[in-house]
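Using the hints provided, position chain U relative to the given structure of chain V.
Heads up: the protein sequence lines correspond to chains V and U, in order. No gaps in the numbering here: position 12 of the first sequence is 12 in this note's numbering, and each next residue is one more. No gaps in the numbering here: position 341 of the second sequence is 683 in this note's numbering, and each next residue is one more.
If you're looking for bench data, these hints aren't it; they were derived computationally from the structure. Built from N, CA and C at the ideal position, the CB exists for glycine as well. Incorrect hints may have been included.
[What the hints assert, rightly or not] Pairs of lysine-lysine, BS3-like flavour, derived with a Cα cap of 27 Å:
#: 1; chain 1: U; residue 1: K548; chain 2: U; residue 2: K457
#: 2; chain 1: U; residue 1: K548; chain 2: V; residue 2: K275
#: 3; chain 1: V; residue 1: K275; chain 2: U; residue 2: K348
[Unchecked claim] A few chain V residues facing chain U, derived, Cβ under 7 Å:
#: 4; residue: L60
#: 5; residue: D279
#: 6; residue: L282
[Said to hold, decoys possible] Simulated restraints on C-beta separations:
#: 7; chain 1: V; residue 1: R5; chain 2: U; residue 2: D585; range: 40 to 50 Å
#: 8; chain 1: V; residue 1: R5; chain 2: U; residue 2: K348; range: 49 to 59 Å
#: 9; chain 1: U; residue 1: K617; chain 2: V; residue 2: T277; range: 15 to 25 Å
#: 10; chain 1: U; residue 1: K617; chain 2: V; residue 2: L219; range: 42 to 52 Å
#: 11; chain 1: V; residue 1: W59; chain 2: U; residue 2: Q519; range: 56 to 66 Å
#: 12; chain 1: V; residue 1: S140; chain 2: U; residue 2: S501; range: 52 to 62 Å
#: 13; chain 1: U; residue 1: F551; chain 2: V; residue 2: L274; range: 54 to 64 Å
#: 14; chain 1: U; residue 1: Y346; chain 2: V; residue 2: Y4; range: 38 to 48 Å
#: 15; chain 1: V; residue 1: T277; chain 2: U; residue 2: F551; range: 46 to 56 Å
#: 16; chain 1: V; residue 1: A264; chain 2: U; residue 2: N484; range: 38 to 48 Å
#: 17; chain 1: V; residue 1: I10; chain 2: U; residue 2: P560; range: 43 to 53 Å
#: 18; chain 1: U; residue 1: D585; chain 2: V; residue 2: A264; range: 47 to 57 Å
#: 19; chain 1: U; residue 1: E488; chain 2: V; residue 2: T277; range: 29 to 39 Å
These are the residues of each chain, in order.
2 protein chains.
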Amino acid sequence: MEVYRKEFYIGLSLAVSSSVFIGASFILKKKGLLRLASKGSTRAGTDRSTSGYAYLKEWLWWAGLISMGAGEAANFAAYAFAPATLVTPLGALSVLVSAVLSSYFLNERLNVHGKIGCLLCIIGSTVMVIHAPQEEEVSSLNVMAEKLTDTGFIVYAVSVVGSSLVLIFAVAPRYGQKNVLVYILICSVIGSLSVSCVKGLGIGIKELFAGVAVLKEPLFWLLIICLVICITIQISYLNKALDIFNTSIITPIYYVFFTTSVMACSAILFKEWLKMTTDGALGTISGFFTIILGIFLLHAFKDITFTWDSLPLYLKKSPQGIHGNISLTQLSQAMTTKPMKS
Amino acid sequence: MEVYRKEFYIGLSLAVSSSVFIGASFILKKKGLLRLASKGSTRAGTDRSTSGYAYLKEWLWWAGLISMGAGEAANFAAYAFAPATLVTPLGALSVLVSAVLSSYFLNERLNVHGKIGCLLCIIGSTVMVIHAPQEEEVSSLNVMAEKLTDTGFIVYAVSVVGSSLVLIFAVAPRYGQKNVLVYILICSVIGSLSVSCVKGLGIGIKELFAGVAVLKEPLFWLLIICLVICITIQISYLNKALDIFNTSIITPIYYVFFTTSVMACSAILFKEWLKMTTDGALGTISGFFTIILGIFLLHAFKDITFTWDSLPLYLKKSPQGIHGNISLTQLSQAMTTKPMKS
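Isolated chain V (complex conformation):
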């Protein structure tokens, strides 16, 4: 029991630090590119084809790439220690980290909505962490093999692969360019299989360090092959989506779909929701919705400049008292207090 708790906190720390690394990597990369752009503007005659690779000479860009790699590694490791129902939603924190860092280091002002969105991401993550199941579901690759051959999971995997094929070959060619959901759906459902593979591999690697002959087990290699295939499909379709649609809409939708399908897959594979109390389940869902609303606020109003001054928080009433649309409470107040005075 104590070991599980310790592992939970290791996984939690890995998931949070993964978000910090990934969030910071965006800033480092952009800072590098901006520095490159300022260099480029002083020597305006540079050949276009060489400047396309100039970022490779910028150390900040490399720092960003390394930070990204470290973040992904920490994320991978986090799955080996903590439940996927916790690790995946916490990915929201990287959005938050990059938003906060960019307002400090890139002087990109975060508007009121952005600040509220950040707060909501933190609050939602806190609530999810509180309610996450703290017991590890799987301790060895053998147990994982049992879970993976469970009827429930096989039905899930087959329907994921089937619906992905339909989406890729029948729906995507026709509607992929018009509807943002098509490509994102493909990435999300395939992504849930990637996470299952990562989870299995993480446990395998943990066993490897403990001296178990994991490399002889075919499941270990099967998981690696599946992971490579899944991630290739995911990256390819995510790039297709990003080529056509705006990042401001892809990020929140992808977060919601990806996290939901990972949670569904994890629920089928590990049946962790069965062990939860009603309160725990309600708390997890509430936390998840809080994060979704936070990410929505961070993104949907990104291009609108809102400051505290532009809010209708004019402290004093206008001389006429109420003008234009009468607010509900104003009216009822006016009715309940004014007659007493006269």
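Same frame as chain V, now just chain U:
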């Protein structure tokens, strides 16, 4: 233990139905006033002094008043069954009910912020309910008397009365008209004493129904006197605030200050936080902050017309790809994917 749980759910239902009644009362009153206004416009020559009381003949206005009374009674009763740390924050639901009802019955469109604010109020309330201490702290007026004479509470009560007197006689005459916080602070700290009185009276009335000779106890009458004094001060200063400042700013600030001071008072009086786990305390605070952000969104952006169409959720990128300010992820995506293709 089972009795406590049952009482908790009774208190919870009372608190929620109180919010429904109070929220509905605003709509009924406004509907009545609107009907009155449409009647008034057909007989334009009506004397102004009589029309000032015309609402007394409108049954909808009376229905609103009765609904308000029922709501306040249910709220009063809720304090007798459930902890104040739960009942007071749930008052946020009345804001939500009136917002939702007014969009249905008064055709007042709720903008995107309003909808997100409503969702956040529901989510925050759920999280607070999950984490509320389910054990009743006080079972009889005698126990309440012990708690009220506890050094901690006496220090709190004296400092509340002292600071209120300073605010009323020294600060309010000078800054009350300029700073919205002065009047609201007076209402809020005095309000925490009202809630303590209500809590004590509720328990007393419960005992009365059980056949205890509560009416002979001086504490019962003392609580009634204190309650009348506190509520008089509260209403008077709330009206002063509403006369000068806009309801849109008073409602959220009053909610935050009032609920915070009730929770502080309840913590000192019943020491309920000592019995909470770290998770429970974190959850309660998270839920409370979620509600605050929800109420802020509901109010601060009230007068801005936002629809889904006005959001920058343009699905397709512009032909030039990126224009104006380059978004962070767009740029990093552009760097990581484009070079691979060329």
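Hints versus structure:
1. U/K548 with U/K457: 39 Å, violated
2. U/K548 with V/K275: 38 Å, violated
3. V/K275 with U/K348: At roughly 24 Å apart (the allowed maximum being 27 Å), U/K348 and V/K275 satisfy the hint.
4. L60: 12 Å, violated
5. D279: 5 Å, holds
6. L282: For V/L282, the interface hint holds, since the closest Cβ of chain U sits about 6 Å away, which is under 7 Å.
7. V/R5 with U/D585: 40 to 50 Å: Once the Cβ atoms are compared, 56 Å apart, the range 40 to 50 Å for U/D585 and V/R5 is violated.
8. V/R5 with U/K348: 49 to 59 Å: 33 Å, violated
9. U/K617 with V/T277: 15 to 25 Å: 19 Å, holds
10. U/K617 with V/L219: 42 to 52 Å: Since U/K617 and V/L219 have Cβ atoms about 47 Å apart, the given range 42 to 52 Å holds.
11. V/W59 with U/Q519: 56 to 66 Å: Holds - the Cβ-Cβ distance for V/W59 and U/Q519, about 59 Å, lies within 56 to 66 Å.
12. V/S140 with U/S501: 52 to 62 Å: 59 Å, holds
13. U/F551 with V/L274: 54 to 64 Å: For U/F551 and V/L274 the Cβ distance comes to about 43 Å; the hint is violated.
14. U/Y346 with V/Y4: 38 to 48 Å: 31 Å, violated
15. V/T277 with U/F551: 46 to 56 Å: Hint violated: Cβ distance 34 Å, outside 46 to 56 Å.
16. V/A264 with U/N484: 38 to 48 Å: Hint violated: Cβ distance 54 Å, outside 38 to 48 Å.
17. V/I10 with U/P560: 43 to 53 Å: The hinted range 43 to 53 Å is violated for V/I10 and U/P560, with Cβ atoms some 59 Å apart.
18. U/D585 with V/A264: 47 to 57 Å: 54 Å, holds
19. U/E488 with V/T277: 29 to 39 Å: 34 Å, holds
In this structure, the earlier hints numbered 1, 2, 4, 7, 8, 13, 14, 15, 16, 17 are contradicted, and the remaining ones agree with it.
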